[in-house]
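Number of protein chains: 2
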Amino acid sequence: MSKKPFLHTCISPALLHLYDISNSVVVIIDVFRATSTIASALYNGAKAVIPVDSVPKAIEISKRIDGIAAGERDGMIAEGLKHGNSPLEYPREFIENKTLVLTTTNGTRLLQMALDKNADAIIAGSFPNLSAVCDYLVKQNKNVILGCAGWKDRFNLEDTLFAGAVISAIKKNFAIHCDSSLMAEIMYMKQKNKVLDFAPQLTHYHRLVERFGLIEDIRYCLTPDVANILPVYSDGKLIVK
Amino acid sequence: MSKKPFLHTCISPALLHLYDISNSVVVIIDVFRATSTIASALYNGAKAVIPVDSVPKAIEISKRIDGIAAGERDGMIAEGLKHGNSPLEYPREFIENKTLVLTTTNGTRLLQMALDKNADAIIAGSFPNLSAVCDYLVKQNKNVILGCAGWKDRFNLEDTLFAGAVISAIKKNFAIHCDSSLMAEIMYMKQKNKVLDFAPQLTHYHRLVERFGLIEDIRYCLTPDVANILPVYSDGKLIVK
Numbered sequence: 342m343s344k345k346p347f348l349h350t351c352i353s354p355a356l357l358h359l360y361d362i363s364n365s366v367v368v369i370i371d372v373f374r375a376t377s378t379i380a381s382a383l384y385n386g387a388k389a390v391i392p393v394d395s396v397p398k399a400i401e402i403s404k405r406i407d408g409i410a411a412g413e414r415d416g417m418i419a420e421g422l423k424h425g426n427s428p429l430e431y432p433r434e435f436i437e438n439k440t441l442v443l444t445t446t447n448g449t450r451l452l453q454m455a456l457d458k459n460a461d462a463i464i465a466g467s468f469p470n471l472s473a474v475c476d477y478l479v480k481q482n483k484n485v486i487l488g489c490a491g492w493k494d495r496f497n498l499e500d501t502l503f504a505g506a507v508i509s510a511i512k513k514n515f516a517i518h519c520d521s522s523l524m525a526e527i528m529y530m531k532q533k534n535k536v537l538d539f540a541p542q543l544t545h546y547h548r549l550v551e552r553f554g555l556i557e558d559i560r561y562c563l564t565p566d567v568a569n570i571l572p573v574y575s576d577g578k579l580i581v582k
Numbered sequence: 342m343s344k345k346p347f348l349h350t351c352i353s354p355a356l357l358h359l360y361d362i363s364n365s366v367v368v369i370i371d372v373f374r375a376t377s378t379i380a381s382a383l384y385n386g387a388k389a390v391i392p393v394d395s396v397p398k399a400i401e402i403s404k405r406i407d408g409i410a411a412g413e414r415d416g417m418i419a420e421g422l423k424h425g426n427s428p429l430e431y432p433r434e435f436i437e438n439k440t441l442v443l444t445t446t447n448g449t450r451l452l453q454m455a456l457d458k459n460a461d462a463i464i465a466g467s468f469p470n471l472s473a474v475c476d477y478l479v480k481q482n483k484n485v486i487l488g489c490a491g492w493k494d495r496f497n498l499e500d501t502l503f504a505g506a507v508i509s510a511i512k513k514n515f516a517i518h519c520d521s522s523l524m525a526e527i528m529y530m531k532q533k534n535k536v537l538d539f540a541p542q543l544t545h546y547h548r549l550v551e552r553f554g555l556i557e558d559i560r561y562c563l564t565p566d567v568a569n570i571l572p573v574y575s576d577g578k579l580i581v582k
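Read top to bottom, the protein sequences are chains A and B. Each step along the first sequence adds one to the number in the numbering used here, with nothing skipped, and position 47 is 388. Each step along the second sequence adds one to the number in the numbering used here, with nothing skipped, and position 128 is 469.
Hint data in this document are derived by calculation from the structure and do not stem from the laboratory. Incorrect hints may appear among the rest.
Copies of the same chain look alike in the list, so a pair counts if it works inside one copy or between any two.
[As the list claims (entries may be wrong)] The calculated SDA-like cross-link candidates involving lysine to any residue, where the alpha carbons are at most 20 angstroms apart (straight line), are: (1) K388 to V581; (2) K512 to F539; (3) K344 to V581; (4) K439 to V396; (5) K345 to T544; (6) K578 to E401; (7) K493 to F347; (8) K493 to A355; (9) K480 to I580; (10) K344 to R560; (11) K513 to P541.
Let the sequences and hints guide you as you build the complete structure.
Pasting the structure below:
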């Protein structure tokens with residue numbers, strides 16, 4: 342019997358150092374909204390998404406390559422940019438054949454951390470590309486870290502629910518001995534058919550909906566497989582695998 | 342209408358820096374087994390429990406004050422010590438009127454961190470003293486951090502379940518806007534009447550039961566109010582309030 346690879350869930354970027362990243366596929370999870378936006382842009386024909394850690398870098402790179410500079414800080418379009426971190430800002434008629442240069446509060450930061458720690462591979466996951474993520478992880482047959490971006494290092498439930506959705510779909514293919522994964526799966530199974538009804542209880546929902554009215558963003562970010570492609574990090578860019 | 346104090350759940354010592362400790366009562370939670378052992382020893386008449394961060398310090402202090410040096414590393418009685426971190430090692434006939442000098446892997450370390458960050462008050466909580474903890478927190482009417490000791494900075498579910506038990510009992514007295522607390526409460530409410538049946542799924546259960554056969558410890562640590570006193574930290578010691 343061949344040994345199953347490990348799967349762990351890391352519920353905050355501040356805990357990433359506890360895991361063996363270099364032998365693992367790291368799934369960057371930032372449901373509200375970076376990894377939902379990345380899936381949306383690539384699904385709608387973007388050539389690539391370049392994740393960067395600052396607004397000046399987003400502007401500089403986008404100018405150099407004739408791309409779209411975009412990003413958010415604390416839930417709003419970042420100062421100095423015209424485009425934000427909403428998956429609905431990037432329909433095909435706008436983004437097709439263009440490159441998005443994106444900076445966000447949590448998701449792009451976690452991706453940079455996984456890069457710095459020499460992850461074996463990095464992909465981006467959210468409900469819009471749930472099946473593509475699961476299919477890839479099963480085929481790879483390597484150790485997996487489900488990396489929740491959280492909110493400024495705090496635990497959040499939407500990223501954990503997505504981790505739970507992945508675990509419930511593919512757990513028979515992995516060795517899972519971690520309370521974070523157990524919790525994520527139980528939380529997801531409990532909310533499974535009513536994630537949208539549960540959403541108003543989340544702190545990040547309040548931030549996005551009550552302050553910015555982004556209920557359509559929330560709906561998109563929590564809907565499985567509406568942008569079912571796989572963003573894989575390669576050579577500085579997220580591209581469709 | 343008076344403003345309710347805040348309550349947050351910190352699910353790993355590695356996230357403690359995210360919270361405003363200095364204005365809060367910090368509840369140290371290490372269900373398996375430090376805070377259960379502390380409750381047990383004090384309930385059975387120990388004069389005090391002195392938490393220390395190393396075995397040599399436990400030996401040195403216990404010699405000086407004629408106390409009992411005790412502690413564990415990785416689930417076992419620490420090398421050089423005769424007494425460990427089991428709540429069942431400290432019945433009244435052994436511990437009454439003595440001082441326990443205790444060092445553990447996770448709980449005493451978190452307590453030291455809360456001290457270093459100038460917590461307003463520090464108490465120790467586990468299922469054996471659930472009601473005493475809840476009564477105290479409601480009476481204090483101050484901000485609360487439920488600090489889960491976890492396992493070497495990893496999230497664990499038994500500490501989170503205890504946090505959820507506290508939240509479900511006293512939430513109407515606090516302002517709670519944190520996904521960790523929401524998750525803890527949902528997890529607890531789901532397992533509420535079957536925490537012992539759920540325990541075999543926990544990573545720490547395997548460590549303690551399969552490796553060391555400590556099933557009676559597990560039962561004690563998960564039973565509400567069997568040692569219902571309140572350990573409060575004061576001047577280097579945990580004493581009964």
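Status of each hint after checking the structure:
{"no.": "1", "hint": "K388 to V581", "in the structure": "within (8 angstroms within a copy, 65 angstroms between copies)"}
{"no.": "2", "hint": "K512 to F539", "in the structure": "between (24 angstroms within a copy, 19 angstroms between copies)"}
{"no.": "3", "hint": "K344 to V581", "in the structure": "neither (30 angstroms within a copy, 50 angstroms between copies)"}
{"no.": "4", "hint": "K439 to V396", "in the structure": "within (19 angstroms within a copy, 61 angstroms between copies)"}
{"no.": "5", "hint": "K345 to T544", "in the structure": "between (36 angstroms within a copy, 18 angstroms between copies)"}
{"no.": "6", "hint": "K578 to E401", "in the structure": "within (16 angstroms within a copy, 57 angstroms between copies)"}
{"no.": "7", "hint": "K493 to F347", "in the structure": "between (27 angstroms within a copy, 19 angstroms between copies)"}
{"no.": "8", "hint": "K493 to A355", "in the structure": "both (9 angstroms within a copy, 13 angstroms between copies)"}
{"no.": "9", "hint": "K480 to I580", "in the structure": "within (18 angstroms within a copy, 56 angstroms between copies)"}
{"no.": "10", "hint": "K344 to R560", "in the structure": "neither (39 angstroms within a copy, 33 angstroms between copies)"}
{"no.": "11", "hint": "K513 to P541", "in the structure": "between (32 angstroms within a copy, 19 angstroms between copies)"}
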